[in-house]
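Colleague: Produce the entire structure from the sequences given, and follow the hints as far as they go.
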Amino acid sequence: MPTYTAPGVYVEEIPSTQKVLTSAPTAVAAFVGFTASFPTDDPNDPNGLAPRLVTSWTQFESLYGGFVEGALLPLSIYGFFLNGGAQAYVVRIPNAEPSGEPARLELPAYDRSLGLPLAIESVEPDADLTVLVSTADAPDDEDGPAPFSITIVEAGEAVETYDDLTLGGPRDAATVINKTSTKVKVEIKLAQDTDLSSQLELLKPGQYSLQKAAPKPVAVSGRKFAGSESARSGINGLAIAEDVTIVVVPDLLTAATKDDGSLDLGLWKAVQTSLIAHCEQHANRVAILDAPPGFTPQQVKEWRSDVAQYDSAFATLYYPWIKVENPTGSNGSSEILLPPSGHVAGVWARTDESRGVWKAPANDTIRGVLDVERSITQNEQGILNPIGINAIRPFGTRGIRIWGARTLASDTDWQYINVRRLFNMIESTILEGTQWAVFEPNDVSLWEGVKRTLNAYLRGLWQAGALFGASPDQAFFVKCDETTNPPESIDAGRLVVEVGIAPVKPAEFVIFRISQNKQIAN
Numbered sequence: 001m002p003t004y005t006a007p008g009v010y011v012e013e014i015p016s017t018q019k020v021l022t023s024a025p026t027a028v029a030a031f032v033g034f035t036a037s038f039p040t041d042d043p044n045d046p047n048g049l050a051p052r053l054v055t056s057w058t059q060f061e062s063l064y065g066g067f068v069e070g071a072l073l074p075l076s077i078y079g080f081f082l083n084g085g086a087q088a089y090v091v092r093i094p095n096a097e098p099s100g101e102p103a104r105l106e107l108p109a110y111d112r113s114l115g116l117p118l119a120i121e122s123v124e125p126d127a128d129l130t131v132l133v134s135t136a137d138a139p140d141d142e143d144g145p146a147p148f149s150i151t152i153v154e155a156g157e158a159v160e161t162y163d164d165l166t167l168g169g170p171r172d173a174a175t176v177i178n179k180t181s182t183k184v185k186v187e188i189k190l191a192q193d194t195d196l197s198s199q200l201e202l203l204k205p206g207q208y209s210l211q212k213a214a215p216k217p218v219a220v221s222g223r224k225f226a227g228s229e230s231a232r233s234g235i236n237g238l239a240i241a242e243d244v245t246i247v248v249v250p251d252l253l254t255a256a257t258k259d260d261g262s263l264d265l266g267l268w269k270a271v272q273t274s275l276i277a278h279c280e281q282h283a284n285r286v287a288i289l290d291a292p293p294g295f296t297p298q299q300v301k302e303w304r305s306d307v308a309q310y311d312s313a314f315a316t317l318y319y320p321w322i323k324v325e326n327p328t329g330s331n332g333s334s335e336i337l338l339p340p341s342g343h344v345a346g347v348w349a350r351t352d353e354s355r356g357v358w359k360a361p362a363n364d365t366i367r368g369v370l371d372v373e374r375s376i377t378q379n380e381q382g383i384l385n386p387i388g389i390n391a392i393r394p395f396g397t398r399g400i401r402i403w404g405a406r407t408l409a410s411d412t413d414w415q416y417i418n419v420r421r422l423f424n425m426i427e428s429t430i431l432e433g434t435q436w437a438v439f440e441p442n443d444v445s446l447w448e449g450v451k452r453t454l455n456a457y458l459r460g461l462w463q464a465g466a467l468f469g470a471s472p473d474q475a476f477f478v479k480c481d482e483t484t485n486p487p488e489s490i491d492a493g494r495l496v497v498e499v500g501i502a503p504v505k506p507a508e509f510v511i512f513r514i515s516q517n518k519q520i521a522n
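292 is the number that the UniProt record's numbering gives to position 292 of the sequence shown; each next residue is one higher, with no gaps.
It should be emphasised that the hints constitute simulated quantities derived from the structure, not laboratory data.
Note that beta-carbon positions come from the ideal geometry of N, C-alpha and C, so glycine has one too.
Treat the hints with caution; some may be incorrect.
[Stated by the list, open to error] Computed beta-carbon distance windows for the label pairs: (1) Thr296 - Gly70: 25 to 31 Å; (2) Leu265 - Trp436: 46 to 52 Å; (3) Gly169 - Pro327: 45 to 51 Å; (4) Thr175 - Ser209: 23 to 29 Å; (5) Ala214 - Gln378: 47 to 53 Å; (6) Ala502 - Ser445: 27 to 33 Å; (7) Glu13 - Pro327: 55 to 61 Å; (8) Glu432 - Ser134: 54 to 60 Å.
[Claimed, not checked] Calculated cross-link-like contacts (lysine-lysine; reagent style PhoX-like; alpha-carbon spacing at most 20 Å): (9) Lys301 - Lys19; (10) Lys301 - Lys269; (11) Lys451 - Lys479; (12) Lys224 - Lys185; (13) Lys212 - Lys224; (14) Lys269 - Lys224.
Modeller: Encoded structure:
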């Protein structure tokens, strides 16, 4: 307490014992799969494997390229942003390796009629090189084209420069460069009898990058999808992205398709099992799984029950696949079949923003969907819903909607998506918002401060409609006293708080009981 020696008015700020908790984010997605390219601006991650946050489709395009044949992640993340998503981590799975061929380039002539007179290829395979072409001013008393210069640039630095070059003659570009260069080889593509005497310039000045050969596809195993936390790769690399709450792996079709066109359902299950294990381990995120394509309702039921056999509150499953616009025009079709997980993740994010994480992300339209792979009936959904398969169904003028809100848990306490995600949010919020209590004196004052903080937060959730009950006492309780903190617990350095909440569950079955009322005359 300060000591006052002079008369006057003094103001003292007293820290509040009640802290204000702000709910943890709930709509941060992560996409694991294949991309057209990858960012190379991080020296600690030269292959672009570590999770990278993007907040728009435009940013994703600039870092990872756009749509590309054989990769479904770009289409999925486009659907995520289209449906209301705002934040997504991208984890690239390498599905190709360098070609092992030289990078090549053909330089254009200043006169278009001469075509591409100079071919350059790298000495080292897959070299990342740039060529700068410039033209010198020819003396007025000399006839013929002006000589040109070629500079080879590697990693932003000029490593070789050749001046006063021509196409033929003593300073022939191919002869001069091939004699001394350790970076490139040059070939003149002009016919020997080509007359260049009337040309003022030979090559078009500019900056040109050598083009690498297309990478060679490689098989992708379940282990590569799983990745490693220490290497910051694959699904497990998402451990460093602590704010992730939704995880999607949309590229299983490409990885699991065999040479004969059939699906490797063993790989499909292995990857999804790794994803579920990751979500359960971190306990703050939920996996959105895709059923294999091409299955009838009976087949997907059998696959779910007899093959996959998932049982987790941290995973959901959607069926069937959806049809969206094909931006690449591959296979000559204007539509392409896509796993629904990316679009569904966007609907989750939109629901969280507009209604709250406690609202089941169902009975809402999916933007950007042209059709579903297979329409299912009410009776067919009747065999899928009890085993946790959430249907995507067309409803005429009401559009194509998500028509299910279940997890893959057999425990009925956790069978609804919104209940699991509400608890995830509350647990993350309490974990982050009560760090101030660590190392505080473990006495009644601390107990009361923690109770006030949690009561205020949970009351706010109840008022927002997240908790069930006519009063706060019916909706939640917070207990932190001598019964939860006996002397032996205090001696062990533990502060124990018991929190109970009554979550709001969705009205999955709306039932009207209607009977015929016969009026009796008086």
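Colleague: Each hint should be assessed against the structure and marked as holding or not.
Modeller: Hint check results:
A hinted range of 25 to 31 Å holds for the C-beta pair Thr296 and Gly70, which are about 26 Å apart. For Leu265 and Trp436, the Cβ-Cβ distance of about 49 Å falls inside the hinted range of 46 to 52 Å, so the restraint holds. The supplied range of 45 to 51 Å is met by Gly169 and Pro327, whose beta-carbon atoms lie about 50 Å from each other. At about 24 Å, the CB distance of Thr175 to Ser209 agrees with the hint of 23 to 29 Å.
For Ala214 and Gln378, the Cβ-Cβ distance of about 48 Å falls inside the hinted range of 47 to 53 Å, so the restraint holds. At roughly 29 Å, the beta carbons of Ala502 and Ser445 sit within the given window of 27 to 33 Å. Distance hint check for Glu13 and Pro327: the Cβ-Cβ separation is about 58 Å, which falls inside the suggested range of 55 to 61 Å. Taken as a hint, the range 54 to 60 Å holds for the pair Glu432 and Ser134, whose Cβ atoms sit roughly 57 Å apart.
As the CA atoms of Lys301 and Lys19 are separated by approximately 48 Å, the hinted pair breaks the 20 Å bound. For the given pair, Lys301 sits about 15 Å from Lys269 by alpha-carbon distance, which is consistent with the 20 Å threshold. Between the alpha carbons of Lys451 and Lys479 the distance comes to roughly 7 Å, so the proposed pair stays at or under 20 Å and holds. As the CA atoms of Lys224 and Lys185 are separated by approximately 37 Å, the hinted pair breaks the 20 Å bound.
Proposed proximity of Lys212 and Lys224 is contradicted: the alpha carbons are some 25 Å apart, above 20 Å. Taken as a hint, the Lys269 and Lys224 pair is honoured in the structure, with Cα atoms around 14 Å apart against an allowance of 20 Å.
In this structure, the hints that do not hold are numbers 9, 12, 13, in rising order.
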